[in-house]
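Trainee: Next come the chains, spelled out residue by residue.
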Amino acid sequence: MEATRDGFGKGILKAGENINVVVLDADLAESTRSIKFAEKYPERFFDMGIAEMDMVGTAAGLAASGKIPFACSFAVFATGRAYEAMKLAVLSELNIRIVGTHAGLMTGEDGATHQAIEDISLTRTLPGMTVIQPCDSLEAEKATLSLVKYKGPAYLRLARSKVPMLTKAEDEFRIGKGKIMKYGKDAAIIATGSLVHIALEAAQELKNEDIEASVINIHTIKPIDKELIIKMAKETGIIVTAEDHSIIGGLGSTVAEILAENYPVRIKRIGVNDKFGESGKPEELYEKYGLTKENIIKAVRELIKNG
Amino acid sequence: MTDKKKIEQLKKIAIEVRKDILRSTCIAESGHPGGSLSATDILVCIYFYKMKHNPKKPSDPDRDRFILSKGHAAPLLYSCLARSGYFPIKELDTLRKLGSRLQGHPERNRLPGVEASTGPLGQGLSFANGVALAGKLDKRNYRVYCMIGDGESQEGMIWEAAMSSGHYKLDNLCVIMDHNRLQIDGEVAKVKNIEPVKDKFTAFNFNVIIIDGHDYPEIINALDKAESVKGKPTIIIANTIKGKGVPYMENKAEWHGKSCKPEELKKLSGEVY
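Protein sequence lines correspond, in order, to chains A and B. Each position in the first sequence, counted from 1, maps to that position plus 306 in our numbering. Each position in the second sequence, counted from 1, maps to that position plus 13 in our numbering.
If you're looking for bench data, these hints aren't it; they were derived computationally from the structure. Because the structure is a prediction, the values reported are computed rather than measured. Built from N, CA and C at the ideal position, the CB exists for glycine as well. Incorrect hints may have been included.
[As the list claims (entries may be wrong)] Here are the computed lysine-lysine pairs in the BS3-like style, where the Cα-Cα straight-line distance is at most 25 Å: (1) A/Lys455 / B/Lys211; (2) A/Lys483 / A/Lys316; (3) B/Lys25 / B/Lys152; (4) A/Lys320 / B/Lys70; (5) B/Lys149 / A/Lys342; (6) B/Lys149 / A/Lys346; (7) A/Lys611 / A/Lys488; (8) B/Lys243 / B/Lys279.
[Unchecked claim] Listed next, with one range per pair, are the computed distances between beta-carbon atoms: (9) B/Asp212 / A/Ile356: 21 to 27 Å; (10) B/Lys152 / A/Gly386: 35 to 41 Å; (11) A/Lys581 / B/Asp225: 34 to 40 Å.
In isolation and in its complexed conformation, chain B is listed as follows:
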């Protein structure tokens, strides 16, 4: 099903998801659009192409799992969950509001479909390893997907976890790095360089695939290929553009943790591609 028609379908979903991100953060008057938009195409492929999951059975022991280690991209996760059918799309507008199930950073026991409570950076990969280990113990065939950020990889815990993924040969785990090259204080390379990140993960016994994180055939191909690699975990290093799909926000670190103003929303949503 990786034909052109399917890809067009996925791209259409991505446009709606990007609009959701702009709208929900705008209503919330806060949140993280930049790093949500950079990871949108990847997450749309994971939720609407790759993963086996059923919104009606969010606790199915055989479901594939997605863990958002870069938890600040919650607006993206929530949109994908809502558009998969885990909860009403309208609820996206309650993001970050008092009493909402859509917390500023994802909380596992508040919202169906959220696998892990994340946000404090570096935590998600260890959690994903635990889920992958349990899958091996129980001889279940589910796969575990975990998205990390490039800035997030300055956290030491990521490397503790990466060492575990490699050591335990977690081939049911696929990590995706949203490599958008920007963090709050500026360029990752200038704040504290994480390169050569490919060599680092290779050295930690990962199978490494490098892709353009906005190219659908490349994303799909990488996700499929990861599944066929046995005996080691895979990381897909996805080169992305922070703010992707909203021209006004693209490649600007300032949109990491700032939402657009209500008067800008209509114009920016209209420009989403």
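Chain A on its own, in the form it takes in the complex:
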């Protein structure tokens, strides 16, 4: 068990071998895990203080001068507070990387003010932006390394708590390619981030009811793997999405948009249902807001029944 932010910490340390990689943080280096980079490459680490707009604006200037900046903070500040600076950097097609840790309800006890449940929506609406949310620490490490060479602006969405390791070192990671974690022909659960392992547990239990469900890991929400999503809709006819984010504007919306225009099927979105979060333990919040194995199972069951 490791958090995706831990994977970023490992990845950014390796990424530092490229002398053009620079890291900025806004007084959260320990929490975002950029601290390891800061210790090894102090001359290429800039603590911008508690000033996220300035951090992202500065990162844009560094990117315009040939650097590959990773600007790190909690997701809620890195995207929300710094939105306009990010928009200008994206408009300029700069190689800026916004790293938002502590995304979603998983942030837990800090409460609604610190839980980014709208950041996928905010970032994916920007033309030319890439939005990535890895499902485990290994994938986060690979995503970080992939972003060194990747062209164009990107948002890397990471979470605070430890989650099971689902991928293996030898697994290929390609930005923009979804991954079939488990195949079944009766339904497809399309999940991202921390909900991928919950979706796998749900699929395992559905077997007991003779329902074979696929689980798709969408680590790149933009540009999304449209072909895979349409293929799964064609092969299963039932789609359930799952994410630690608002069902408005996140993965669920993205999948619904694609299927509505290309191959309409029965669909149910599991996520934060147009509500703000609150303080509590991550698992308590997941329970209260319905981001659970049981809820995914129920959704699959009902869609099959109503078919």
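With chain A fixed as given, assemble chain B onto it according to the hints.
Mentor: Just chain B, lined up with the frame of chain A:
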């Protein structure tokens, strides 16, 4: 080269630039002449006296950079770029038109010579800091110039950025404030006072120089002096007149975001000084 002859040359360019601003905004039927005219003399000195730049090599890693944080003064920037040779002067007449490279506010990847996409106020200084930091990292000797507005300094982001410039001792950065004392809703002092702005920047660890932003020897002297100050960034607070050089527009807030009418253009251009 700061002799009288050079200054006369610069003043001649400034007259053409002011005419460009009037004409391009007039054709566009929109745009921001007031704050373009107030900053004209400074920008002419930056582009035609101070900066090391080559329009044939707009991506030269060693070039000096100018970042227009008050991006609404785009007509001024475009004129300086065109008259430096980055693109044909005739293209100025496409300002704000559909398909033009000359967007209402500058966009970095549309037009050579534009270093930063700006316009939403407060954004440019952070960007300039990033460029200056990169210059230090790469041990390049380029200098970074960034123009901010006085009204713009009501934006909190300017002060976040100013704190960074001072903290990182960015002596390769020279900020210029176009202090024309007017913003859309009226006098800066009445809308929301930014004074004492000199003390503010001093407190943020800047070297502060105050000049008359229309006096060429003062502008040139300040730009040269800024280069010799080590260990801290410099800000040149340039006292200017909004609409300067077009008597009909001078000191009138209404010309912030309004262009002249076609029937006025010839007369106003004739009065440019």
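Trainee: Give a verdict on every hint.
Mentor: Quick rundown of the hints versus the structure:
With a CA separation close to 44 Å, the supplied pair A/Lys455 and B/Lys211 exceeds the 25 Å bound. Between A/Lys483 and A/Lys316 the alpha-carbon distance is near 22 Å, which keeps this suggested pair within the 25 Å criterion. A C-alpha spacing of about 36 Å is found between B/Lys25 and B/Lys152, which places the hinted pair above 25 Å, so the restraint is violated. Between A/Lys320 and B/Lys70, the direct Cα distance comes to roughly 34 Å. Violation of the 25 Å bound is thereby established for this hinted pair.
The hinted pair formed by B/Lys149 and A/Lys342 meets the criterion: a straight-line CA distance of about 23 Å does not exceed 25 Å. For the suggested pair B/Lys149 and A/Lys346, the alpha carbons sit about 19 Å apart, so the restraint of at most 25 Å is met. As the CA atoms of A/Lys611 and A/Lys488 are separated by approximately 22 Å, the hinted pair is consistent with the 25 Å bound. Our distance criterion of 25 Å between C-alpha atoms is broken by B/Lys243 and B/Lys279, whose separation comes to about 47 Å.
The given range of 21 to 27 Å is respected by B/Asp212 and A/Ile356, whose C-beta atoms sit roughly 23 Å from each other. Between B/Lys152 and A/Gly386 the Cβ separation comes to about 36 Å, which falls inside the hinted range of 35 to 41 Å. Evaluation of the 34 to 40 Å hint for A/Lys581 and B/Asp225 yields a failure: the beta carbon distance comes to about 58 Å.
Violated hints, in rising order: 1, 3, 4, 8 and 11; the structure is consistent with all others.
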